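**Q** Position chain E relative to chain Y; hints supplied.
What follows is each chain in one-letter form.
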Amino acid sequence: MSTRNTSPTVRPEISGRAAAGGTKERSRHGAARRRGRSERFAPYVLIAPAVLIIVALRLYPLALGVNFSFTGDGDANGTAVGFANYLELLDDPLFQTALGNVGLLVLLLPVAVAIPGLLATFIFLKVPGHRFFRSVYFFPAVLSPVIVGAIFNLMLAFDGPLNEFLGVIGLGPVDWLGDPGVAKFAVVGVQIWATFGMALVVFLAGFATLDASLLDAARVDGASLRQSIWHVIIPSLSQTIQFVFVTTMIGMLTSMFGLLYVMTSGGPEGSTYLPEYYIWIQQGQMNRPALASAASTVLFLIMLVVGLLQISVLRRAGRED
Amino acid sequence: MRRVAKWVVAVPMAILALATIYPLIFTANVAMKTRREYVLDRFSLTDTLHWDNIAAAWNSVGMARYFANSLLVVGTSVFLLLWLGSMAGFALSRLPFRGSKALFIGCLAALFIPFQVIMVPLSRVMADTGLIDTYPGLVLAYVAQFLPFTVFLMTSYYRSVPREIVDAARIDGNTVYGVYRRIMVPIGRPALLSVGILDALFCWNDVLIALLMMPSADHRTLMVGVTSLRGQYTDNIPTFASGVLIAAVPVLLVYLFLQRQIADGVTAGSTKG
Numbered sequence: 001m002s003t004r005n006t007s008p009t010v011r012p013e014i015s016g017r018a019a020a021g022g023t024k025e026r027s028r029h030g031a032a033r034r035r036g037r038s039e040r041f042a043p044y045v046l047i048a049p050a051v052l053i054i055v056a057l058r059l060y061p062l063a064l065g066v067n068f069s070f071t072g073d074g075d076a077n078g079t080a081v082g083f084a085n086y087l088e089l090l091d092d093p094l095f096q097t098a099l100g101n102v103g104l105l106v107l108l109l110p111v112a113v114a115i116p117g118l119l120a121t122f123i124f125l126k127v128p129g130h131r132f133f134r135s136v137y138f139f140p141a142v143l144s145p146v147i148v149g150a151i152f153n154l155m156l157a158f159d160g161p162l163n164e165f166l167g168v169i170g171l172g173p174v175d176w177l178g179d180p181g182v183a184k185f186a187v188v189g190v191q192i193w194a195t196f197g198m199a200l201v202v203f204l205a206g207f208a209t210l211d212a213s214l215l216d217a218a219r220v221d222g223a224s225l226r227q228s229i230w231h232v233i234i235p236s237l238s239q240t241i242q243f244v245f246v247t248t249m250i251g252m253l254t255s256m257f258g259l260l261y262v263m264t265s266g267g268p269e270g271s272t273y274l275p276e277y278y279i280w281i282q283q284g285q286m287n288r289p290a291l292a293s294a295a296s297t298v299l300f301l302i303m304l305v306v307g308l309l310q311i312s313v314l315r316r317a318g319r320e321d
Numbered sequence: 001m002r003r004v005a006k007w008v009v010a011v012p013m014a015i016l017a018l019a020t021i022y023p024l025i026f027t028a029n030v031a032m033k034t035r036r037e038y039v040l041d042r043f044s045l046t047d048t049l050h051w052d053n054i055a056a057a058w059n060s061v062g063m064a065r066y067f068a069n070s071l072l073v074v075g076t077s078v079f080l081l082l083w084l085g086s087m088a089g090f091a092l093s094r095l096p097f098r099g100s101k102a103l104f105i106g107c108l109a110a111l112f113i114p115f116q117v118i119m120v121p122l123s124r125v126m127a128d129t130g131l132i133d134t135y136p137g138l139v140l141a142y143v144a145q146f147l148p149f150t151v152f153l154m155t156s157y158y159r160s161v162p163r164e165i166v167d168a169a170r171i172d173g174n175t176v177y178g179v180y181r182r183i184m185v186p187i188g189r190p191a192l193l194s195v196g197i198l199d200a201l202f203c204w205n206d207v208l209i210a211l212l213m214m215p216s217a218d219h220r221t222l223m224v225g226v227t228s229l230r231g232q233y234t235d236n237i238p239t240f241a242s243g244v245l246i247a248a249v250p251v252l253l254v255y256l257f258l259q260r261q262i263a264d265g266v267t268a269g270s271t272k273g
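In the order they appear, the protein sequences are chains Y and E. Note that the working numbering has the first sequence beginning at 1, numbered continuously upward. Note that the working numbering has the second sequence beginning at 1, numbered continuously upward.
Think of the hints as simulated: they come from the structure by calculation, not from any bench. Accuracy of the hints is not assured; some may be wrong.
What the hints assert, rightly or not - The following residues of chain Y were derived to be distant from chain E, with all beta-carbon distances above 10 Å:
(1) T97
(2) L104
(3) F158
What the hints assert, rightly or not - Here are the in silico distance ranges between beta carbons for each label pair:
(4) Y:Y60 <-> E:Y135: 18 to 28 Å
(5) Y:L125 <-> E:P96: 28 to 38 Å
(6) E:P186 <-> Y:E88: 51 to 61 Å
Owing to the predicted nature of the structure, the values given are computational and were not obtained by experimental measurement. Here a beta-carbon is modelled for each residue, glycine too, at the ideal position from N, C-alpha and C.
Isolated chain Y (complex conformation):
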């Protein structure tokens, strides 16, 4: 610019145009730079609300809760008590029952995975009515545990339809929700009834990625259905199976509250307690937030350990194939 101005030989109109072009360019440049600066922060602006909410209402409470669990309740509110809450938990028969029931759930887990897996296999093989079966099986999975629990309160009542049916085929009535030895199996049964459709749909999505020619080859080689499942389907679906194991376990440990709340309230005789119900009672009814936080931390550790264990066990099983 300056050279042009000092040179009198340059034709003015051109110089004028050039100068005008120059300012336009400069301003465009400035706008781009300004835009560039606001654009550089754009990703952070877009993600900030989500990050703030997740940090403030999920990660921070997690740390806060672990911290709570080492403090006292009531008069000792806020003072450090070391592991006292954890020791009290281990001494509490209700919490022991809750942990025992977690063990029961872990033992029943293979059943809760195998049933939808087998049903998905049959649906994949297009048994008559497979579309209908798929739609019907999946439906309870979208119902609230509250609704499922309320419905089964009616179904499992002492004078309800299930006992009526058992009476017809000559079996005595069972006190499904009133007998401490039976109630926990009744509740787990209802949980499986309500959620096997979820796992079924996940299995079917896995089957959709399965290489059909492998199955055809197995059939041509004269493999039985059992051999095909064992040597073709299970190895090919190992990732799906792993996913179903982990999500079913998480579901059993964290989504049975509604069922327990509506069907048994933890009873009879505390026999259907699970950690999540124990946390709720200690926090909501007994006003023991620190003790509840300790139970929360234990539940978190259980889920972490069970999840990691399953993944490593299934990985090893996958490698051996």
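**A** This is chain E only, laid out in the frame that chain Y set:
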């Protein structure tokens, strides 16, 4: 499998289907009976439909109020979830910036924190900020609970959008926000629908968060309302069943029309994970 074998397997599967449907039919049938009919015979199909049970549950028990509460809370929560989730998903998938990977992993980690583990400290945070027992408080609790899932699914969906589309829109002079509004939102519609339905189901079906965040009776959501029916109507099963039916029908309708989208959302994590 041979044809005969398939038919043999179909029989127990049909029985299982019946066992899956029967409890729902039984409940609907009971809801249509008078108390007298119910006491005399619970099982036979009712010959006359008694809608008065439904009306009674809707009006006098307060299901109408609970229903409205649920609609308000779930609607607001899902809107916020989709809005914040799609913005974050766009940034994480298609905008290079420092810390993007760390934030995505943090979001995944938050996905594995169950509500039970943070419910005690969260209710204290809500109490300290005066949000407990308010609609914004419950909405925030739902948004926080389901946001990691929403961000995760939106991020993986937007990863399948070709980078060229974003670049072309930028060259056309769109700002990043313009690309979000004009390209990413319309293009993300299938995923927003799928995730939105799932979020709506999660919020609609929840009872634990609502119980904890909304202690007072007139703030009850529909599911909390159903749990309160149990104590009140132990001697009037048809009214109880009617309340359950009112709570179940919206979900049934959503299921009938959008089953495919629900299944897509449920399985989205399994094939990519």
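**Q** Range first: 28 to 38 Å. Now tell me if the beta carbons of L125 of chain Y and P96 of chain E are that far apart.
**A** violated, 46 Å
**Q** Just checking, T97 of chain Y versus chain E, shortest CB gap more than 10 Å?
**A** The claim stands: T97 of chain Y keeps its Cβ more than 10 Å from every Cβ of chain E (closest is about 17 Å).
**Q** Mind verifying the non-interface call on F158 of chain Y? Its CB should be farther than 10 Å from each CB in chain E.
**A** holds, 13 Å
**Q** State, for the Cβ atoms of Y60 of chain Y and Y135 of chain E, whether the hinted interval 18 to 28 Å holds or is violated.
**A** holds, 22 Å
**Q** Taking the shortest Cβ-to-Cβ distance between L104 of chain Y and chain E, state whether it exceeds 10 Å.
**A** holds, 18 Å
**Q** Cβ-Cβ distance between P186 of chain E and E88 of chain Y: within 51 to 61 Å?
**A** With Cβ atoms ~56 Å apart, the hint holds.
The structure is inconsistent with hint 5 alone, although it conforms to all the rest.
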